[in-house]
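A.B. asks: Start from the sequences and build out the full structure, keeping to the hints where you can.
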Amino acid sequence: MKYGSLLFKETTLVVKAGGDAFRYLSQAELNAIREGAGKGFLRGGLPEETYFTKGLYKSAAKAQSRLSLGAPPALRVEFEILNNPTLLRNGTKVLPADGMLGRGAEFMTTDPVRVRLINWQPLR
1286 MKYGSLLFKE TTLVVKAGGD AFRYLSQAEL NAIREGAGKG FLRGGLPEET
1336 YFTKGLYKSA AKAQSRLSLG APPALRVEFE ILNNPTLLRN GTKVLPADGM
1386 LGRGAEFMTT DPVRVRLINW QPLR
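Numbering-wise (our numbering), the sequence shown opens with residue 1286 and increments by one.
Hints in this document: simulated from the structure, not taken from any laboratory.
Each hint can be trusted.
Simulated restraints on C-beta separations:
| id | residue 1 | residue 2 | range |
| --- | --- | --- | --- |
| 1 | Arg1388 | Lys1324 | 32 to 42 Å |
| 2 | Lys1324 | Gly1384 | 33 to 43 Å |
| 3 | Gly1387 | Glu1363 | 14 to 24 Å |
| 4 | Pro1332 | Arg1409 | 32 to 42 Å |
| 5 | Glu1365 | Ala1322 | 17 to 27 Å |
| 6 | Thr1371 | Gly1323 | 10 to 20 Å |
| 7 | Gly1321 | Ile1403 | 10 to 20 Å |
| 8 | Ala1313 | Glu1363 | 14 to 24 Å |
| 9 | Ala1356 | Leu1331 | 12 to 22 Å |
| 10 | Glu1320 | Gly1384 | 28 to 38 Å |
| 11 | Gly1384 | Arg1319 | 26 to 36 Å |
| 12 | Gly1384 | Gly1323 | 30 to 40 Å |
| 13 | Ala1390 | Leu1331 | 21 to 31 Å |
Keep in mind that this is a model prediction, so the values were computed, not measured.
Even for Gly, the Cβ is constructed at its ideal location relative to N, Cα and C.
C.D. replies: Below is the structure:
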């Protein structure tokens, strides 16, 4: 069953390949996606929790607050998802933490997320 850019797969959701998303991250993580051992994968392709969002935040402070990140991100990276990772969170609202606003939407998977980088910008 299809719903927007997501496909239902039994009781879990799968991100449809070709969907665009954002991740707010450090320069080191961007370098790893571009050149490291896990080249072409978010978080090096490790089978760990990988978060991303459809939310476009124009400042590091806004991204940190809405996504309840532990530290302000250095960059906003836009990417196209090339595989079909199973989602464990599907646009789930982020809970406020440590005095931050939260309420941004996030997606989470433990599958490797293969990506094609579209754009990245430093955040202030």
